[in-house]
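Colleague: Residue numbers (the working numbering), protein chains in the order written: chain A, 1 to 353; chain B, 354 to 706.
In case anyone wonders, no lab produced these hints; they're calculated from the structure.
Keep in mind that a hint or two might mislead.
[To be verified] Under the rule of at most 35 Å between Cα atoms (straight-line distance), these lysine-lysine pairs were calculated in the DSBU-like manner:
| id | chain 1 | residue 1 | chain 2 | residue 2 |
| --- | --- | --- | --- | --- |
| 1 | A | Lys194 | A | Lys131 |
| 2 | B | Lys694 | A | Lys318 |
| 3 | B | Lys404 | B | Lys694 |
| 4 | B | Lys570 | A | Lys319 |
| 5 | A | Lys318 | B | Lys672 |
| 6 | B | Lys694 | A | Lys349 |
So you can see what is in the structure, the chains are spelled out below.
Protein chains: 2
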Amino acid sequence: MDKNNHVVVMAGGIGSRFWPMSSAEMPKQFLDLLGTGRSLLQMTVGRFAGKICPIENIWIVTSEKFLDIVQQQLPEVPRRNILLEPCRRNTAPCIAYVSWSIKSINPDANVVVAASDHYIANEENFCESIKSCLQFTAETDSIVTLGIKPDYPSTGYGYIEADLSYPSATNPNIYRVDSFKEKPELEVAKQYIKENNFFWNSGIFIWNINTIINAFKVYQPDLANTFKKLSPYLGTSQEQEKVNEIFPQCENISVDYAIMEKADEIYVYPASFGWSDLGSYSSLLSLLPHDMRGNACVGGDVRLFDSDNCIVHATGEKKVVVQGLDGYIVVEHDGVLLICKLEEEQRIKLFHD
Amino acid sequence: MDKNNHVVVMAGGIGSRFWPMSSAEMPKQFLDLLGTGRSLLQMTVGRFAGKICPIENIWIVTSEKFLDIVQQQLPEVPRRNILLEPCRRNTAPCIAYVSWSIKSINPDANVVVAASDHYIANEENFCESIKSCLQFTAETDSIVTLGIKPDYPSTGYGYIEADLSYPSATNPNIYRVDSFKEKPELEVAKQYIKENNFFWNSGIFIWNINTIINAFKVYQPDLANTFKKLSPYLGTSQEQEKVNEIFPQCENISVDYAIMEKADEIYVYPASFGWSDLGSYSSLLSLLPHDMRGNACVGGDVRLFDSDNCIVHATGEKKVVVQGLDGYIVVEHDGVLLICKLEEEQRIKLFHD
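So that you can see chain A by itself, here it is in the shape it has in the complex (with noise of 0.2 Å):
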């Protein structure tokens, strides 16, 4: 475990598709939405700290109105180390943020950028991808993402086509980033996964901190400007009055675009630990533990007769009986039930206005 890695952690997400248990105030990363007893939030952190970094060197990016819920769930991370963003502007200013301060600290980072909400299967492979990529970056210039091998032609995805004749010097498991491909139609999706090289872009990065900076600094001089003139109030009693001043002056713009279509030196590191954006009820379905009849139930005592292809959470309930229902959502949280047919489940966030 190397002193020098640091893990930034992207937990400003604010999805409503798993309403009514993700909420504006309560959003999925905080959420125990697999049953473990732990948030995505704490497993997320779980797989980096002790293993990839020392607890001091996670940092947290979040909104200021998580920050009770952040203190709440990681209360071993430093206060320093969480970083409260006062509006919403993707990912370029946020990792911008991120990155200046972790530079004002060790300006031999070496660091991993992972949002907060998404879900491992083989955390050892995870470990071993993530600690592959990093000796990587700590030796060269470049900003390497994880792609994930495509199980199905996912219309949900991003993908990223690799250039498999022209692996890295260093790493024969790291190869050059032809392009990033938008979610595509299913067509599309079907042709990039009958081709071998066009992986899944999980949103995980590894970079040198001096390497992100060089790209801000040549791709986004505006956001490098700005945070660079935030640098000396850092760690310092005006660094919130600060960035409040400065954030919401940000073009609001994904770390896609500002960087990763721009900059040269791109690579992807292809990875097979079981990787799921949790973007859906239908992807945790997939991915909860089923019994005989495709059912995944979380919560205490749930009883299924009948019933074939739903997914039932309720752990606030003391018993739950579910009679005759095929392919249903079926979800009790804090006094609020949703029953819906997984198949309407992109209508959800019409329903809870």
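Given the coordinates of chain A, work out where chain B should sit on it, guided by the hints.
Modeller: Okay, now just chain B, sitting in the frame of chain A:
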């Protein structure tokens, strides 16, 4: 309102067909099934008190373990009028007990006996029907039952066959009973409906106190002797102790078998005030107000999408969203959730062990 009128409400039922709302500790009669803000017991007493008889002439017969609930729901009913059965022995011992109790207070009492958990649609019509019967039984030594003009060939109710060519001498709306019929098969029920002299047996009886006491003496001499011996203790501090001794030894028998099918002077008053024994979720659904797609909802904020013919009862939830269900029961009560096809509701009692 005649001060000789007394009303007996039988509230010892322990049904489980409305699980999870009803339970052994909180049976149906104590629940606000209809979403009116009052329990079925409270609604039943409300139909009589101050209209048919003064509140101090209301008698509740129930199980020992429901005393607290009854006193909580009916604080205005005198404690003396709440009779407690130490065990369940069907309706004949229950009615014998309350009859000797009423007789000890008012030997000229004119009595209505009714279940605590039935539904009455037109309360004014109901009140008039009861008054008409009470006038009849005040003047004659007759037992009157309320017969309900059937809406459909129910196989869930017993029937009363009336001799419509033989109205009573003093009330042209009251007829001699030819026979009582058990719950019939569908074909038989259809035949009953075709003839016009078959009525649903509502289990509501009207008689004067001497008529029923004499009937017990003639047709159930053992029961009569038992409760005659109890008489000196009625209203004393020893009453409950003595009841607890004798009640378990009483025969387990309904008043229908014990008296109705044996006595001669049995009459029926054909009524049409809208009645149901509320024996199932289906019957509850048919009585509750519906939306245009046949759904009935009880509970604050229930929203239905693409759903038909559902009953949703969730008074404890802040919000309920149901999408894509047709013909289902959805009930949340006190931390227990049931989702079940209406057509499978007879299996509900098997679900909750």
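Colleague: Does each hint hold? Answer for all of them.
Modeller: Right, here's what the structure says about each hint:
Of the pairs offered as hints, the one joining Lys194 of chain A and Lys131 of chain A holds, with about 29 Å between alpha carbons and a cut-off of 35 Å not exceeded. With a CA separation close to 21 Å, the supplied pair Lys694 of chain B and Lys318 of chain A stays within the 35 Å bound. Restraint check for Lys404 of chain B and Lys694 of chain B: the C-alpha separation of about 40 Å exceeds 35 Å, so the hint is violated. In summary, the hint linking Lys570 of chain B to Lys319 of chain A is not supported, as the alpha carbons are separated by about 50 Å, beyond the 35 Å threshold.
Proximity of Lys318 of chain A to Lys672 of chain B is assessed by CA-CA distance (about 18 Å); at most 35 Å being required, the pair is judged to hold. A distance of roughly 26 Å separates the Cα atoms of Lys694 of chain B and Lys349 of chain A; the hinted pair therefore holds under the 35 Å criterion.
This entry does not satisfy hints 3 and 4, going by the numbered hints stated previously.
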